[in-house]
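**Student:** Spelled out from the first residue to the last, the chains are:
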Amino acid sequence: QKEVEQDPGPLSVPEGAIVSLNCTYSNSAFQYFMWYRQYSRKGPELLMYTYSSGNKEDGRFTAQVDKSSKYISLFIRDSQPSDSATYLCAMSFLYNQGGKLIFGQGTELSVKP
Amino acid sequence: DAMVIQNPRYQVTQFGKPVTLSCSQTLNHNVMYWYQQKSSQAPKLLFHYYDKDFNNEADTPDNFQSRRPNTSFCFLDIRSPGLGDAAMYLCATSRDRGAGTQYFGPGTRLLVL
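Order-wise, the sequence lines are chains D and S. Per the working numbering, the first sequence starts with residue 1, numbered consecutively. Per the working numbering, the second sequence starts with residue 1001, numbered consecutively.
If you're looking for bench data, these hints aren't it; they were derived computationally from the structure. Backbone N, C-alpha and C define an ideal beta-carbon position, used for all residues, glycine too. One or more hints might be untrue.
Said to hold, decoys possible - Cβ-Cβ distance ranges computed for the label pairs, FRET-style:
1) S/Phe-1054 with D/Pro-14: 20 to 28 Å
2) D/Lys-2 with S/Asn-1056: 19 to 27 Å
3) D/Pro-8 with S/Glu-1057: 22 to 30 Å
What the hints assert, rightly or not - Each computed BS3-like pair below joins lysine-lysine, with the alpha-carbon atoms no more than 27 Å apart:
4) D/Lys-67 with S/Lys-1044
5) S/Lys-1017 with D/Lys-42
6) D/Lys-112 with D/Lys-67
7) D/Lys-2 with S/Lys-1044
8) D/Lys-2 with S/Lys-1052
9) S/Lys-1017 with D/Lys-70
10) S/Lys-1017 with D/Lys-2
11) S/Lys-1044 with D/Lys-100
12) S/Lys-1044 with D/Lys-42
13) D/Lys-100 with S/Lys-1052
14) D/Lys-100 with D/Lys-42
Chain D extracted, bound-state conformation (with noise of 0.2 Å):
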C-alpha cells in the first residue's frame, strides 16, 4: 500500500465548476500537508501548505485536512482554464526525515474553456 494515495485522474471540468481534489493517506505522522500545481514539463509550485486538521482558503483555493480519516483535499472554485495542470499532495513529518515530502501521484486536471 502507498503511503499517500491520489486518484490520477484525468479529472475534465466546465470553466467555472468546484473541483475538488483529494488525497489518502495511512502513516498517522504526517503532520505538515501541502497541495503543489506542477503545468506540463514544469517543476512543481507550492499552492496550499497548511497543518493540523481544519480549513485554509487562499483566494479561489481552500484547503481541508481531516486527520481523524487521513484525508485531505483542496477545491478550487470557479475554475479557469489556467487551472489545467497537474496537482500533487504532499506530506511530511515533524522536524525529522530532513524535511522529505511523500507526493501523491497527482492528479491531471483539465479546464474547459
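Here the structure of chain D is known, so what remains is to put chain S in place on it, guided by the hints.
**Tutor:** What follows is chain S alone, placed relative to chain D:
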C-alpha cells in the same frame, strides 16, 4: 527574483555514459533536494544536503551521486545511466530541514538512448 535554476532543461545521453545535472539557487537556503519523477508518477526523493551534510535515501541506487561545492550549487551525477533512469529530475530547496516549504526548479528531463 530569487529562484531555483536547473541546467540543462533537457539532456540526452547514451546508455552507460556518465551525465551531470546542475542546480543553483539564489534563495540562500540551507537544504537542497534531488527528486526523480518518472512519467505520471509522484516525485521520489533521491537525497538531500543540509548545508554540507549529505543524506541518502535508503533505496537510492548507488548509480546516483551528488555534490554540493557551496551553498548555491548542487549537482546530480549519474555514473552509468540505464534506460530506466530516463525521467524528470527536480531540484528543490528549503530554508531549514524542518517541515518548511520546498521550492522547486523547473526540472531537467533526461533521455537515455
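**Student:** All the hints need checking, so say for each whether the structure fits it.
**Tutor:** Structure-based check of each hint:
1. About 49 Å separates the C-beta atoms of S/Phe-1054 and D/Pro-14, a value inconsistent with the hinted range of 20 to 28 Å.
2. Between D/Lys-2 and S/Asn-1056 the Cβ separation comes to about 22 Å, which falls inside the hinted range of 19 to 27 Å.
3. Here the CB-CB span from D/Pro-8 to S/Glu-1057 is close to 23 Å, well matched to the stated 22 to 30 Å.
4. With a C-alpha separation of about 23 Å, the suggested pair D/Lys-67 and S/Lys-1044 falls inside the 27 Å cut-off, and the hint holds.
5. Of the pairs offered as hints, the one joining S/Lys-1017 and D/Lys-42 holds, with about 25 Å between alpha carbons and a cut-off of 27 Å not exceeded.
6. Straight-line distance between C-alpha atoms of D/Lys-112 and D/Lys-67 comes to about 33 Å, which puts the hinted pair past the 27 Å bound.
7. The straight-line distance between the Cα atoms of D/Lys-2 and S/Lys-1044 is roughly 12 Å, inside the 27 Å bound, and the hint therefore holds.
8. A C-alpha spacing of about 31 Å is found between D/Lys-2 and S/Lys-1052, which places the hinted pair above 27 Å, so the restraint is violated.
9. For the suggested pair S/Lys-1017 and D/Lys-70, the alpha carbons sit about 44 Å apart, so the restraint of at most 27 Å is broken.
10. Between the alpha carbons of S/Lys-1017 and D/Lys-2 the distance comes to roughly 33 Å, so the proposed pair goes past 27 Å and is violated.
11. Between S/Lys-1044 and D/Lys-100 the alpha-carbon distance is near 10 Å, which keeps this suggested pair within the 27 Å criterion.
12. The suggested pairing of S/Lys-1044 with D/Lys-42 holds, with an alpha-carbon distance near 16 Å, which does not exceed 27 Å.
13. With a CA separation close to 17 Å, the supplied pair D/Lys-100 and S/Lys-1052 stays within the 27 Å bound.
14. With a CA separation close to 20 Å, the supplied pair D/Lys-100 and D/Lys-42 stays within the 27 Å bound.
Hint check: violations occur at hints 1, 6, 8, 9 and 10; the rest are consistent with the structure.
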